[in-house]
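J.: Okay, here's what each chain looks like letter by letter:
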Amino acid sequence: MAVWRQVLWKLLRDRATFLGASIILSLILAAILAPVLSPFPEDVFEFHTANRLRPPDGVNYFGTDRMGSDILSRLLFGARITITIALIAVGTAVAVGVPIGLVAGYYGAWPGDLLMRVSDIFLAIPQVVLAIAIAQTLGPSIENVILALSATYWPFWARLVYAETRSVKNEIFIESAIALGASPARVMILHILPNISSAIIVRTSIGMGATILTAAALGFLGLGAPPPAPEWGRMIAESRDFLPEAWWYATAPGLAIFLVVMGFNLLGDGLRDILDPRIRRAGGRND
Amino acid sequence: MSPILDIRGLSRHFPIHGPFGRQVGAVRALDDVSLQVMPGEILGLVGESGCGKSTLGKTVMGIHRPDGGEIRFDGVDIAALEPRAQRAVRKHLQYSYQDPGASLDPRWKIGRSLHEPLIIHTTLSTEERTRRVADILRAVGLPEGHLDLYPHEISGGQQRRVGLARILTLHPKLVILDEPTSGLDVSVQATVLTLFRELRQAFNLTYMFISHDLAVVRMMCDRVAVMYLGRIVEIGPTDQIFETPRHPYTRSLLAAIPRIGGKRITVDFWLKGEPPDPGNLPSGCRFRTRCPRAEAVCAQEEPALVAIGLQHAACHFASEKPA
Amino acid sequence: MTELLAVRDLTLGFRTDAGLARVLDGVNLTIDAGQVMGLVGESGCGKTTLARAVLGVLPRNAAEIAGGEIVFKGRDLLKFSPGALARDICGRAITFIPQDPYGSFNPVFTIGTQIMEIMKWKSPRRVTGHWSEHAPLLGPYPAERRRADMETVVALLDAVQLPQPAQILRKYPHELSGGQRQRLMIAMALLPEPDLVIADEPTTALDVTIQAQILGLIRRLANERNVAVLFTTHDLGTAYEICDAVTVMYAGQEVESAPTDRFFAAPAHPYTGKLLASLPRHDGEVAGIPGEVPNLVRPPGGCRFHPRCERASEACRSGKPPAEMLDPGHSVRCFHPVRPAA
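Going down the list, the protein sequences come from chains A, B and C. Per numbering that gives the first Met the number 0, the very first residue in the first sequence carries number 0; after that it's consecutive. Per numbering that gives the first Met the number 0, the very first residue in the second sequence carries number 0; after that it's consecutive. Per numbering that gives the first Met the number 0, the very first residue in the third sequence carries number 0; after that it's consecutive.
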């Protein structure tokens, strides 16, 4: 489609957005090709205590950790965990939040108010605290981190979609679709959703970054995947005892988190600029 | 002949909310409005902004829910129907916005927008739909190549034509045209009006023509209804309304149109002031605060529409000869 | 009558993504002191651009003035520095009535505050040559002058038939109706006692009865105060009502200019004739103009109306017709003007 080709072209032209997109692409490649790319794939689960805490050199490019495992290899496999958490958590949040926001925004009145108050309640609870509570109750595991994150994230999408739906619903082409006799479901899915999709895409990209950050924070607190899973947040937590001498230990996962979050934010900001100037209707009068 | 559209005692009130969402009053956008539209005629609906003419059109279309009264379309009270049945009626009753081009989804190609009404209301096969869409497109004077374009890729005038084509694909019986010439240059307006006429011939349409432009209404309509603050103050055949207006408000509207080559209206335009706050209407006749003819009775009694020949006017002094 | 404003051969364009849009192509326009001049034309004909050029408010980064002059009281406004223009001309000798009066008020201040703020700098009573003219924000507003200015304001609100002026001044813009706001704009445009008021479609957003009131008001005040008005409109009926003379523009060229009665009785340019024939008539016959307004990035050469004109000849395509005087005050730019049957 011509529209998407145009978006792609703009994406390539804007340097910051291109950088963001490249980082995300590298992350995905790293996760898929982790077994091929890692110099020591077996290190993820094996210990080589003789090699512990080696600074970066020609063999271990990012040094080794307290168990003597190659940090680069663990980072690459960690990308899989990061992506899984972010994708499922954000995916669930979108799947729950978007329909709720759409229906609430379309019908307004009391069903809309009710749905919005429920999402307000969720927004009022600090995310990390709720996630800790869930993880504490159900035990630390990747599944529970995902559950905790989805439960706290969906209201962001619900509110966004609610607000966007309310404004698009006043557009004449929506009113005329209703006047034409289209059913509410048809109007919502075929007319409103495509017209607010750019806002959802932008929010999702930025939301991915935020989710990865929170997931890392939970890992840091020991609530994520149990050891020896190569979770980035946990890796930083482990490194605390060896700082500042083993500076590379915390630096590598820290940089990885920083880059990925920045990548998603750059991409989101760029997409906002690219997608937002909506296709303007021709024939405006100014004379 | 029975009317195609028969509106009886229609009311639509918009609540006014004070602080803390408390309802403190209501704007009576439509207050006990009754009128009939005969098959094949063009009924003009005129009045100034806020008089309720657009609300009337949108209430008939089901965009607003009426607070009282009946809307009979082909003998069926459509306001009382449940939503699914109401949507089915829309097939025969279409609404054209001030700018029909704005009714096109900017993310849909023209072709998809034109197929949509047929998908909703008919079970035609794709080939049949394609044929029907091509016919309509030809009727509004657009090339077939436009089907693959997005609305922003064609000119404003062409968007208008597509918008009209879209409401005609279902072969409706009644089309409500809401301010169809507002914002158009006269040379374009002339072509649009001609198009409306041709389409009426070709598709055997009945129009409800909502407009604030009396010159256009005079040219297009068989009958005219004049509205003021939610009520019909005068209704009748176009020629009679324009030649012997019975209601002082109609007279002031007519006196306000510039007449090229005639006497300058600004020299002795007599209507003073502006319409009162619609949320706080005067007692009795709504026009009395601006009416030069007003007397004590006008403040006490709200005049009903009375017949003078084919004309009906809601004025206590309607039967007087105009000065 | 003395010539107040003369626009001569003004040519300017706007830079757009598609290229330079030639919005004005050698336009001429003259207004005498106290004359109400109608500038008539359809969307995109350049009438608003011309009005803004006279007012000196064209966007400097997008507009490209290629030639011509705007002579106001003997001085070329295009040669003024922006500072001098703002100090001596804009808002003083030339004032403005907009199409949308609501957008011209700041919604967070009362009407009175906003009017007095303008009076502080633009009042006819201001002292000229005072140091504060160069540092306006620091200048004093003497109580005595303030009181006198206030009286002028109230008197003028009365003149534009706003009921209870003192109360209106205490209101916020959203508390007034469209008609009241437009009356207020007229009062504000007249406050500095200007020589020329530019009214850009001032009645387009109003209902017919309010339009009739406002037109009558502009006409009467302009006559009483001997103020010239440049009145742009797309509505020929409105132009007939209040103008002394009318100039028609098409696609950035002025095509005909004549005293109002003569203009409507004996239009000479084919475009003017077609425009008049497009007006709705009782008998239902209406002509319209086939074709569309040209793209100003690539306008047709010569007379820009030639692609839609059945009188067009080779001469029309190759060169722009010179202005021909048919009668005193009646000029037309056409190689084949319509002459009234003798």
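Treat the hints as calculated values from the structure; they're not laboratory data. Note that beta-carbon positions come from the ideal geometry of N, C-alpha and C, so glycine has one too. Treat the hints with caution; some may be incorrect.
Sample of chain C residues at the chain B side, in silico, Cβ under 7 Å [to be verified]:
no., residue
1, Pro81
2, Glu174
3, Leu175
4, Gly178
5, Ala204
6, Thr208
7, Arg218
8, Asn222
9, Glu240
10, Leu278
11, Val285
12, Gly290
13, Val337
Derived DSSO-like pairs (lysine-lysine); straight-line CA-CA distance at most 27 Å [unchecked claim]:
no., chain 1, residue 1, chain 2, residue 2
14, B, Lys57, B, Lys90
15, B, Lys108, A, Lys168
16, C, Lys170, C, Lys121
17, B, Lys271, B, Lys172
18, B, Lys57, B, Lys172
19, C, Lys119, B, Lys271
20, A, Lys9, B, Lys90
21, B, Lys90, B, Lys108
22, B, Lys271, A, Lys168
23, C, Lys72, C, Lys121
24, C, Lys78, C, Lys121
25, C, Lys170, C, Lys119
26, A, Lys168, B, Lys57
27, C, Lys72, C, Lys119
J.: Now tell me if each hint is right for this structure.
T.: Quick rundown of the hints versus the structure:
1. This hint is violated: Pro81(C) has a C-beta 34 Å from the nearest C-beta of chain B, more than the 7 Å allowed.
2. Proximity of Glu174(C) to chain B is violated relative to the hint, the smallest CB-CB distance being about 11 Å (cut-off 7 Å).
3. Contact between Leu175(C) and chain B, as hinted, is not supported at the beta carbon level, the nearest pair being about 10 Å apart and thus beyond 7 Å.
4. Taken as an interface hint, Gly178(C) checks out: its beta carbon lies about 5 Å from the nearest beta carbon of chain B, inside 7 Å.
5. Given hint, Ala204(C) at the interface with chain B, is violated; its Cβ is 9 Å from that chain's nearest Cβ, farther than 7 Å.
6. Taken as an interface hint, Thr208(C) checks out: its beta carbon lies about 5 Å from the nearest beta carbon of chain B, inside 7 Å.
7. Interface restraint check: Arg218(C) against chain B, minimum CB-CB distance 6 Å, threshold 7 Å, status holds.
8. A cut of 7 Å between beta carbons decides the hint on Asn222(C): the least distance to chain B is about 11 Å, and the hint is violated.
9. A distance limit of 7 Å between C-beta atoms decides the matter here; for Glu240(C) the minimum to chain B is near 5 Å, and the interface restraint holds.
10. For the restraint placing Leu278(C) at the interface with chain B, the shortest Cβ-Cβ distance is roughly 6 Å, inside the 7 Å limit, so the hint holds.
11. Evaluation of the Val285(C) hint against chain B yields a held restraint, the C-beta minimum of about 4 Å falling below 7 Å.
12. Nearest Cβ of chain B to the Cβ of Gly290(C): about 9 Å, over the 7 Å cut. The hint is violated.
13. Of the supplied interface hints, the one on Val337(C) is violated, with its beta-carbon coming no nearer than about 17 Å to a beta-carbon of chain B, more than 7 Å.
14. Taken as a hint, the Lys57(B) and Lys90(B) pair is honoured in the structure, with Cα atoms around 15 Å apart against an allowance of 27 Å.
15. For the hint pairing Lys108(B) with Lys168(A), the CA-to-CA distance comes to about 20 Å; that is within 27 Å, so the pair holds.
16. The straight-line distance between the Cα atoms of Lys170(C) and Lys121(C) is roughly 22 Å, inside the 27 Å bound, and the hint therefore holds.
17. As the CA atoms of Lys271(B) and Lys172(B) are separated by approximately 41 Å, the hinted pair breaks the 27 Å bound.
18. Straight-line distance between C-alpha atoms of Lys57(B) and Lys172(B) comes to about 17 Å, which keeps the hinted pair within the 27 Å bound.
19. Simply put, Lys119(C) and Lys271(B) have alpha-carbon atoms about 33 Å apart, too far for the 27 Å limit, and the pair is violated.
20. Straight-line distance between C-alpha atoms of Lys9(A) and Lys90(B) comes to about 42 Å, which puts the hinted pair past the 27 Å bound.
21. A hinted pair counts as satisfied when its Cα atoms are at most 27 Å apart, and Lys90(B) with Lys108(B) qualifies at roughly 22 Å.
22. Proposed proximity of Lys271(B) and Lys168(A) is contradicted: the alpha carbons are some 39 Å apart, above 27 Å.
23. For the hint pairing Lys72(C) with Lys121(C), the CA-to-CA distance comes to about 19 Å; that is within 27 Å, so the pair holds.
24. For the given pair, Lys78(C) sits about 22 Å from Lys121(C) by alpha-carbon distance, which is consistent with the 27 Å threshold.
25. A C-alpha spacing of about 20 Å is found between Lys170(C) and Lys119(C), which places the hinted pair at or below 27 Å, so the restraint holds.
26. Restraint check for Lys168(A) and Lys57(B): satisfied, since their Cα atoms lie roughly 16 Å apart, inside the 27 Å limit.
27. At most 27 Å may separate the alpha-carbon atoms for a hinted pair to count; Lys72(C) and Lys119(C) meet this at roughly 25 Å.
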